[in-house]
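With chain A held as given, fit chain B onto it using these hints.
Residue numbers (this note's numbering), protein chains in the order written: chain A, 1 to 411; chain B, 412 to 509.
Hints were generated in silico from the structure; no laboratory data involved. Just so you know, even glycine gets a beta-carbon here, dropped at the ideal spot from N, CA and C. Be a bit skeptical, because a hint or two may be false.
Said to hold, decoys possible - Below 30 Å or equal to it, Euclidean Cα-Cα: the simulated BS3-like pairs (lysine-lysine) are:
{"hint": "1", "chain 1": "B", "residue 1": "Lys468", "chain 2": "A", "residue 2": "Lys169"}
{"hint": "2", "chain 1": "A", "residue 1": "Lys99", "chain 2": "B", "residue 2": "Lys490"}
{"hint": "3", "chain 1": "A", "residue 1": "Lys117", "chain 2": "B", "residue 2": "Lys468"}
{"hint": "4", "chain 1": "A", "residue 1": "Lys117", "chain 2": "A", "residue 2": "Lys271"}
{"hint": "5", "chain 1": "A", "residue 1": "Lys271", "chain 2": "B", "residue 2": "Lys468"}
{"hint": "6", "chain 1": "A", "residue 1": "Lys218", "chain 2": "A", "residue 2": "Lys260"}
{"hint": "7", "chain 1": "A", "residue 1": "Lys335", "chain 2": "A", "residue 2": "Lys299"}
{"hint": "8", "chain 1": "A", "residue 1": "Lys58", "chain 2": "A", "residue 2": "Lys335"}
{"hint": "9", "chain 1": "A", "residue 1": "Lys299", "chain 2": "A", "residue 2": "Lys391"}
{"hint": "10", "chain 1": "A", "residue 1": "Lys58", "chain 2": "A", "residue 2": "Lys35"}
{"hint": "11", "chain 1": "A", "residue 1": "Lys271", "chain 2": "A", "residue 2": "Lys260"}
{"hint": "12", "chain 1": "A", "residue 1": "Lys117", "chain 2": "A", "residue 2": "Lys226"}
{"hint": "13", "chain 1": "B", "residue 1": "Lys490", "chain 2": "A", "residue 2": "Lys35"}
{"hint": "14", "chain 1": "A", "residue 1": "Lys218", "chain 2": "A", "residue 2": "Lys117"}
{"hint": "15", "chain 1": "A", "residue 1": "Lys365", "chain 2": "A", "residue 2": "Lys390"}
To be verified - Just a sample of chain A residues kept apart from chain B, beta carbon distances all over 10 Å, derived:
{"hint": "16", "residue": "Gly24"}
{"hint": "17", "residue": "Asn167"}
{"hint": "18", "residue": "Asp177"}
{"hint": "19", "residue": "Val215"}
{"hint": "20", "residue": "Asn262"}
{"hint": "21", "residue": "Lys299"}
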Amino acid sequence: MSDLLIIGAGPAGLSAAIAAAEEGLSVTVIDEFPKAGGRLLGQLHQEPNGEWWNGIQKGEQLSQRAHQLGVTIQCEVSVYDISQSKNGWEVYTTRGEYKAEKLLLATGATESPIPVKGWTLPGVMTIGAAQIMGNVHRVKPGNSCIIIGANVLSMAIANELKLCGVNVKEIIIPKADITSNEAGNPEQVLSSLMRLTHLAPTPILRQLGKIGKMVHPKIAIRLFPKKGIRMFDIPLRLKTAALEIVGDRFATGVRTVNIKANGEIDHTSEKVVDADFVCIAGGLTPLSELASIIGCSFKYIPELGGHVPVHNEQMQTNIPGLYVAGNITGIESAKVAMAQGRVAGLAIAADITNDWEQMETSINKAIENVNITRDKALIQFHPGISDARKKFYQKSEVNLTQISKIKKREA
Amino acid sequence: MTMRVECHPVLGNLENQRRITIYYDDQAYQAYEGDTIASAMMAEGVKTLRYHEVSGKGRGVYCNIGHCFECRVCVNEEKIVRACLTPVSEGMRIHSLS
Numbered sequence: 001m002s003d004l005l006i007i008g009a010g011p012a013g014l015s016a017a018i019a020a021a022e023e024g025l026s027v028t029v030i031d032e033f034p035k036a037g038g039r040l041l042g043q044l045h046q047e048p049n050g051e052w053w054n055g056i057q058k059g060e061q062l063s064q065r066a067h068q069l070g071v072t073i074q075c076e077v078s079v080y081d082i083s084q085s086k087n088g089w090e091v092y093t094t095r096g097e098y099k100a101e102k103l104l105l106a107t108g109a110t111e112s113p114i115p116v117k118g119w120t121l122p123g124v125m126t127i128g129a130a131q132i133m134g135n136v137h138r139v140k141p142g143n144s145c146i147i148i149g150a151n152v153l154s155m156a157i158a159n160e161l162k163l164c165g166v167n168v169k170e171i172i173i174p175k176a177d178i179t180s181n182e183a184g185n186p187e188q189v190l191s192s193l194m195r196l197t198h199l200a201p202t203p204i205l206r207q208l209g210k211i212g213k214m215v216h217p218k219i220a221i222r223l224f225p226k227k228g229i230r231m232f233d234i235p236l237r238l239k240t241a242a243l244e245i246v247g248d249r250f251a252t253g254v255r256t257v258n259i260k261a262n263g264e265i266d267h268t269s270e271k272v273v274d275a276d277f278v279c280i281a282g283g284l285t286p287l288s289e290l291a292s293i294i295g296c297s298f299k300y301i302p303e304l305g306g307h308v309p310v311h312n313e314q315m316q317t318n319i320p321g322l323y324v325a326g327n328i329t330g331i332e333s334a335k336v337a338m339a340q341g342r343v344a345g346l347a348i349a350a351d352i353t354n355d356w357e358q359m360e361t362s363i364n365k366a367i368e369n370v371n372i373t374r375d376k377a378l379i380q381f382h383p384g385i386s387d388a389r390k391k392f393y394q395k396s397e398v399n400l401t402q403i404s405k406i407k408k409r410e411a
Numbered sequence: 412m413t414m415r416v417e418c419h420p421v422l423g424n425l426e427n428q429r430r431i432t433i434y435y436d437d438q439a440y441q442a443y444e445g446d447t448i449a450s451a452m453m454a455e456g457v458k459t460l461r462y463h464e465v466s467g468k469g470r471g472v473y474c475n476i477g478h479c480f481e482c483r484v485c486v487n488e489e490k491i492v493r494a495c496l497t498p499v500s501e502g503m504r505i506h507s508l509s
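Next up, chain A with everything else stripped away, as it sits in the complex:
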């Protein structure tokens, strides 16, 4: 039995493990991927100062630090059920049962699918799948590719694929329909790119961000060239839509068509563009199944990427002894996830020792660091994250810290 079991060995889970172990807790971290690091694995982009953010290295550093502190990290463990008992938590996995007094869910995010016709063909994968294949496993899924879905994630990974030697032929958008929603509307795609990119990791994205402050997206999309603009020498074509992915036994290309600023299709322009593989980039949403099976309350917050477990700034959920950190609480950068992990680790230490007063200063400092990291984040997945978070935490019904403080004073 550990003091703390963490599900997810990504930036949030490992940072929480480190913070909790530094406070003397016995910590076990489990993850179903063969390597620790979570979505840090694969991340590779240039910071404004020119330095590379190498997620694989970051993940290794966090794992090493955790090991030094005596944290047990076990990979290739999949959780299929969780129950709460008087003494804490029982977690049922493919490698047997784990017991712990406190439980932290740091399961991260999952990619939202855009079911473009032909998407089940072998050779069609999510943009994140191609990223892991190239950067982590060091295998190209093919020599050439087309990316369907223009967002901050697909643009960053397009460049990573190029560094792996893949010819990224173009980034286009899905045809407007009931499943693609905003991702299939050129004006809304451009508008979200322009809003998101003031700090973005590429000069062209930053330029778009600057233009966005001066020109309304309605006008900007009319001026947006049919041929697209080039980013890292990859054409970004917001006026080209994917009608279907073609191929008999596996994907061999995409049937595309020109569209107008309002999404109207010019059928005369239909053509097939060949590619060895096709990536679908539908954006990220919190991966919260385990919080559901526990019975945690949820709230739908579009700015955070979907349904998130109800929690407070100390990362406590409405279920006593259950904590969350990282992308399960909303889609943000790995740096924010790391900062949130530290908060959770400290809060859990305070919870176990029931000494919130002694920990209060360090927890508040860690919370402040989350806010600072969020404001400085290079990639902001949604422009309204900070405000949405503030509102969410103000209205949050989870106030366990206060409750336990009052209890302690009463005692």
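This is chain B only, laid out in the frame that chain A set:
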């Protein structure tokens, strides 16, 4: 045909990889130690990992991190696993499902 990214301008070069042999549908393939079944097969240019139970159409790696279950295969004739989460081992016998 190998699809390995042996050289990378930022991540550096692959060096001293230990080669092992695995079998997919009774055919031998070279893999690197540390590969998942999914990455090993993709490096060899094999994209189809199973066939849909009803339509018979091919399926391959979709999410590559265990969420979608599209890449499930049978290992050593006993266990159904997700190819993207399962490391290869010397002599491993993998069969496609149909």
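Here's how the hints hold up against the structure:
1. B:Lys468 <-> A:Lys169: Cα-Cα ~27 Å, so holds.
2. A:Lys99 <-> B:Lys490: Between A:Lys99 and B:Lys490 the Cα gap is close to 26 Å, so the pair holds against 30 Å.
3. A:Lys117 <-> B:Lys468: Measuring from Cα to Cα gives roughly 14 Å; hence the hint holds.
4. A:Lys117 <-> A:Lys271: 15 Å, holds
5. A:Lys271 <-> B:Lys468: 25 Å, holds
6. A:Lys218 <-> A:Lys260: 12 Å, holds
7. A:Lys335 <-> A:Lys299: Distance ~23 Å between A:Lys335 and A:Lys299 Cα, so the pair holds.
8. A:Lys58 <-> A:Lys335: 10 Å, holds
9. A:Lys299 <-> A:Lys391: Given that 30 Å is the threshold and the Cα spacing comes to 12 Å, the pair holds.
10. A:Lys58 <-> A:Lys35: Holds, at roughly 13 Å.
11. A:Lys271 <-> A:Lys260: 16 Å, holds
12. A:Lys117 <-> A:Lys226: 23 Å, holds
13. B:Lys490 <-> A:Lys35: Holds, at roughly 21 Å.
14. A:Lys218 <-> A:Lys117: Distance of about 29 Å is within 30 Å: holds.
15. A:Lys365 <-> A:Lys390: Between A:Lys365 and A:Lys390 the Cα gap is close to 17 Å, so the pair holds against 30 Å.
16. Gly24: It holds; A:Gly24 is separated from chain B by about 33 Å at its closest Cβ, greater than 10 Å.
17. Asn167: With a cut-off of 10 Å, A:Asn167 remains clear of chain B, as the shortest Cβ separation is near 13 Å.
18. Asp177: 20 Å, holds
19. Val215: Since the minimum Cβ distance to chain B is about 34 Å, A:Val215 lies beyond 10 Å and the statement holds.
20. Asn262: 32 Å, holds
21. Lys299: 22 Å, holds
Violated hints are absent here; each numbered hint is respected by the structure.
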